[in-house]
Structure formats: C-alpha cells, structure tokens
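Chain A is already provided as a structure; the job is to place chain H on it using the hints.
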Amino acid sequence: MATKNDNAGKTRFWNDQKTRAVLYQIFTAAAVAFLAYYLISNVQNNMAKQSIASGFGFIGKEAAFEIGESVIDYSAADSYGRALVVGVLNTLKVSVTGMILTTILGTLVGVATLSKNWLLSRLATVYVETFQNIPVLLQLFFFYALFYETFPGPRQALNPFTGVFITNRGIDFAVPAAHPAWAYAGLAVLAALVIIYLLKRWSVRRQEKTGRQFPMFWAGLGIFVGLPFLVWLTSGAPTQMNIPELKGFNFSGGKNISPEFSALLFGLVLYTASFIAQIVRAGIQSISHGQTEAAMSIGLKPGQVLKLVIFPQALRVIVPPLTSQLLNLTKNSSLAVAIGYPDFVQVAGTTINQTGQAVEGVALMMLVYLTISLVTSAYMNWYNKKIAIIER
Amino acid sequence: MSATTSIKEIKPPATNVGVIGWLRQHLFNGVFSSIATLLIFAFLIKVVPQFIQWAFIDSVWYTSGQECHAAEGACWSVITRNIRFNIFGYYPYHEQWRPLVAMILLIGMLVYSRDWNRWNRKLGYAWFIGLFVMGLLMKGGLFGLIAVESTKWSGLPLTLLLSFFGILASYPLGVVLALGRQSTMPVIKSLSVVYIEMIRGVPLITMLFMSSVMFPLFLPEGVTIDKVLRAQAAIILFTAAYIAEVVRGGLQAMDRGQYEAAESLGLNYFQMMRLIILPQALKIVIPPTVGILISAFKDTSLVVIIALYDILNTTKSILTEPEWTGFSTEAYIFIAMVYYLCCFSMSQYSRRIEKQLEYKNTSPQSNS
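Going line by line, the protein sequences match chains A and H. Counted the way the working numbering counts, the first sequence spans residues 23 to 414. Counted the way the working numbering counts, the second sequence spans residues 350 to 717.
Read the hints as simulated data drawn from the structure, not as lab findings. Note that this is a predicted model, so its numbers are computed, not measured. All residues carry an ideal CB built from backbone N, CA and C; glycine is no exception.
Far from chain A by the CB rule (all over 12 Å, computed), these chain H residues:
#1 W476
#2 Q620
#3 L631
Quick list of simulated restraints, FRET-style, between CB atoms:
#4 Y206/A - P535/H: 53 to 59 Å
#5 N469/H - L130/A: 46 to 52 Å
#6 F381/H - V247/A: 21 to 27 Å
#7 R701/H - Y59/A: 45 to 51 Å
#8 G473/H - N67/A: 39 to 45 Å
#9 T50/A - A602/H: 24 to 30 Å
#10 G473/H - P324/A: 54 to 60 Å
#11 K408/A - G422/H: 50 to 56 Å
Taking lysine-lysine pairs in the DSS-like style, the calculated list, with each CA pair at most 27 Å apart, reads:
#12 K71/A - K576/H
#13 K665/H - K353/A
#14 K360/H - K138/A
Chain A extracted, bound-state conformation:
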C-alpha cells in the first residue's frame, strides 16, 4: 500500500491512470450533456418557430381518423390515446400469433433439415436458404400483392376446404355460432390445463418416490380433449356453425381475417421461421452423438431419447438466439405500416402527421417497442435460467 502511494506521489497527476480515468469520464459526460443541451434547445427553438405544441396534451384530444381493424371498439370520435392503444393491441396481436406460429414452423423445418429423408431435408434447406436471403419487406409486398392482385373477388372465391374462402378481401372461415356452451368449453380447457399441471407434479413425485411410471401423455391428452368435450356435451351440444355466405359483393357471417393481417402474418412467420430452423438445427447438432448412444444403451426408446436426453440439452443452445429472433419478429411487425395494417407505428405516424409532434410520437414508438423487448427478454431469460445446467 505504502509503495503504491509513493509512486502516485512521484508521477505527474495527468500521468496517473486513476486521475486520467476520471478526466476522461468527465469529458465524455460533458460532451454528451452539451450535445443533448444543444439538440434540445434547437428543438425548442424550432417548435416555437413553427408553433408546434409540446408535451403529451394531444393524447386526450379527438383523433378524427378511422382505423381499419381493431381489437377493441374504436371510432374516429375517440381520443388519440385510445387510437394508440388500438395500435399497440394490433401490434401485440400480430406479434404474439406470429411468435407462436413461427416457433412451431421453425422447429418443424429445423428437424426436417436433419431428416434422413433426402427429399424432405433438401426441400427444408431450399426453404431456409431462400427465405433468409430475401428482405422481409419484399416478402410482405409479395404476399400482399397476392391478395389484392392474384386472388379473385368474392364471387369467384377460392374454396380450398369447406367453410374457408380466400378472396381479395382476405380469408373468410366458418366459426361456431354463438352459444354459451362454447364459453363453458373454453373455461374447461383452462381447468384441464390446471388439472394436467397438478397431475404432472403428482406423477413426478410418485416416480421419484416409488419408481412407478404414470402414462402422463395419454392421461393428459385424455383430460385435455375429454373435459371440454364433456362440458360441451352436457351444456347442450350446439352444432350450428356460422358459415360465411356471399351476400351482394361480399361475404357476411363467419370470421374474416383482413388481407393486410394475413399478408403480414404470412411474411413474418415464413421469414422468421427460416432463421429459427437454422437455430434449431444447430442446437440439435451441438449434442454429441455419444449422448444418443448412451441414452439408447440404458434402454430408452427413441422418443424418450429425444425427449429426455437430446431436447433438454439442445434447448440450452437454442433459447438465447431464439429469443432474439422472436424479438426480431416483433420489431419487424412494425413493417405493417408499408402494407397498411394499422399497427402501432402506423397509428403513431398518423398522429405525428396530424399533430406535428414528432418528438413525442417517436418517443412513444421507442417506449412501446422497448417495453415489449424488455418484457420478452426478461421472460426468456427467466426460462433460460430455469433450463440451464445446475452445476455442482
């Protein structure tokens, strides 16, 4: 300690590493602060000159623009705040649906690229290579053009399955007619999930204690399918469907998915799945073959090898890059603005155009996407920690 102090005394203070570090930091902080001050004062000047209001007062005012589709009730008479909420919900709708579908598709394709079937693995590889190397925006334009150019009008609607119609106004499909039994069945699904969870805990505990196995998969499947079916049966068993019908120039009845939403979902899912497929493939390949052989030699069946040995290990390699791909999907959903799906960026953009309050609008955009990103990565980090190796 003493020698160190002596040395510090001998060196000039600008040659001392600690003093230098402090000076560098003060200098950087001052530069950043000055830049911020300069920009903010410019913004204030310019806004005063152009007589643009500042602050978030506009949120309570009447929006006076329509939004094409909305999860909640919305009309042009509602406030900007409500319009922005509609935008957020639309973004969440397409991102969450997209995340689920793309994970499933990506995993399937990733496994398919490793298939022993030559044709299947070739096809999967071609898919991955093609969709990865084309900008997602171009893919969105392509799918959107398919809807409004290639697909016929409602009168000549394509009808691939009964009850499903594809037209240039989107996809129309049959849904069950409103009946309380469907709501009960939905609740029964939730109840079934809870029961399965509890049963799983019980079966694991019993296996650890006594070594006896419980046919969890079949029991779970039985409960998951059986319980809602039973509820549906006892509460009236309604079979009436609400089928889309051609009335005048368009379909009425059933459920319609707009061409914008379909094109956006298609483009995002196909694009992101090609990346996830590669991640899944790399994850499975990272597990050495010895693991499979060892698992087989202790008498596990091929399904068990995959489920108990390969997958839990591969998941650790897969989850971190998978997270960033799912986040990319969410961020790419902002491209909706290019094909006219009213996501948050589009609503915020319209708000900026109408109020002129660019700073607040862009700040809101950043805030919303940052929140979504942080929440998703927090969840995935928690999941990653849960499946991580517990080292002794």
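This is chain H only, laid out in the frame that chain A set:
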C-alpha cells in the same frame, strides 16, 4: 488361399445398392419417411409443371403492357421494358452509365478484396481512389460531368450506397461502442450500454422515422441535410449497435492471458487494443459480422417507408403505372432474385471464412 477361392463372392442384394438402394435408404427408410416422400412428390407434381407453364411456356418477354394483359402466363416484359428505370430510377437517362460504372467498380473492388491476404497499404490507397472516383461519377460537377443531385440517386445504386457506407461507417463506431461497454469507467460503460440496448430494442423504422420527421427539428435554423444522408445516418447508428454486440462477443472470447501479456509488455490501453486484442478478436467474429452485414443490406429496403427510391421502391412505382399494374408477382420475383444473389454470395463468403478459421483453430500451434 483355397478357402477364399472356393467361397463365391456374394454380392449385396440388388435392393441395397444402386438406384434402388439409394432410394430405399434416402426416400423410403421407414413408414413416415415413405409417406412424406409420397406427399412431397404429389405436391411437386401438382405445382412444378404449373409453375413452368406459367413462367416459361406461356410467358411473354418483350411486349407492351397491353399484350401482357392478354397473355396467359407470366409477363416478364414488366422487367425487360422497365429495366433501366428499375435499376437506375430517377437518375438522368443519358447519364446512367455513370452509376453503372460506379457499381461495377465497387463490386470489382469488393471481389478483389475478399481475401485478407491481399489487404495491404496499396489496397487501402486503391480503395481511397476508388471511392473518390465512385463519388465523382455519382455526383458529377467536375471534369465535364453534369452535376446530379443526391435526390435523383435511386434504384440499385442507392441500395448499394446505403448498405456499403452503412456497413463501412458503422463498423468503427460499433468497435468503439463494444470497447466502451467493456470499459471499467462507469460513465463510459453505462453510456455505451444504454445506447446499445436502446437501439437494439427498437425497430429500424423508428430510427428512419426519427431521421425523416424528427431530425430536421434537431438542426439549428436554416441548416438542412438531405434525405439520403439522414437515412444513411439512421442506418449507421442502427447497425453500429448490432456490430458492437458481435464485437463484444469476440472481446469476451479472448483469453485473459492476452490482456495480461500485453500489459506486462508495457503497452498502454490503445496499443494493447490496436496491436494485440482487436486483430485477434475481430478475426474470430468475422462470420457473425457478415451475418449483421447481410441483414443490414436487406434492411436498406426499409427506406421505402420514408419514400426514398431504392430498388424496391422503383419496382413499386413501375407497378403503379396503369400499363403494368397486376404484374407484381413477376416484378417482385426479379427483385427477390437480385437480393438473393447478393445475400447468398455474402453468406457463402462467410461460410468459407468460417472453414478457414476452423482449420486454423484445430492446427497444433493455436492455444485452446
């Protein structure tokens, strides 16, 4: 000897070798595999002939839009008739050889520089001169070339310009940010972390929006910066954050001993980084860096949203002409092929380097 001659050599059964054997092994190995094969065959038989009929047999190649509307198959005329607008956009028609020469020069130099054994001082000067010539060709105003404003720059040259300079400028910025994030000084570290995480948390569109609607407010009165440059700045700032994360990976992968050895030689921080750490760290992250570059290249297409005319937007504006409406599929397939070609060659390049690095890592000289 006698034993081997007396036993007749038995060939493997005909079902295990040759075409049949290959088919059995690769297409019909098991029930699910066989079903998959048959399903894929059914799908291909249904789709491929139809596609060939549409794309090649019934298609028209050099006709006007009216004849296209009458034709059964694909209308490739939408590309052949508009190829110059599609590629060069609003650049003055008689001057379009200039961006063409500039593009060929750029691609030629990139191809030549692909091997890092050729990187030396001379090549650096060559790049310097090359970039100057390219800039001169695009901008004009000297040596009797007519000046062309940057608002007229569009099409493929704009795409290449945005991606090339986006990548070139974001790389050093990304390295600085990565070093900042690894720094022990709390102020510098936290500023870097905030910047990187904030940029990575938002989509590129918000940055482009910022550059187009918010940036003019940031400037003092009377100063304007043109739209291309603003978009370019947004792309650079955006890509830098991603480069920074990749470079950080390289820095973390470096052995602690490398830092200690460099310090014990008496090198200061900048010497240590420049001479010891960065040359090694940047080399191991070349493959992921190329990945970032590919996505930066694809992301330049987003400038469509702020109404810059890159190659995707020139295509879109051709499709809005009444003569050519309805041929989006053909036009987009063409553009997709252009992008595919660029991205695919970049990813092949990255794969080749990855192999080279792998080979080096397994050689006995390397540590760990």
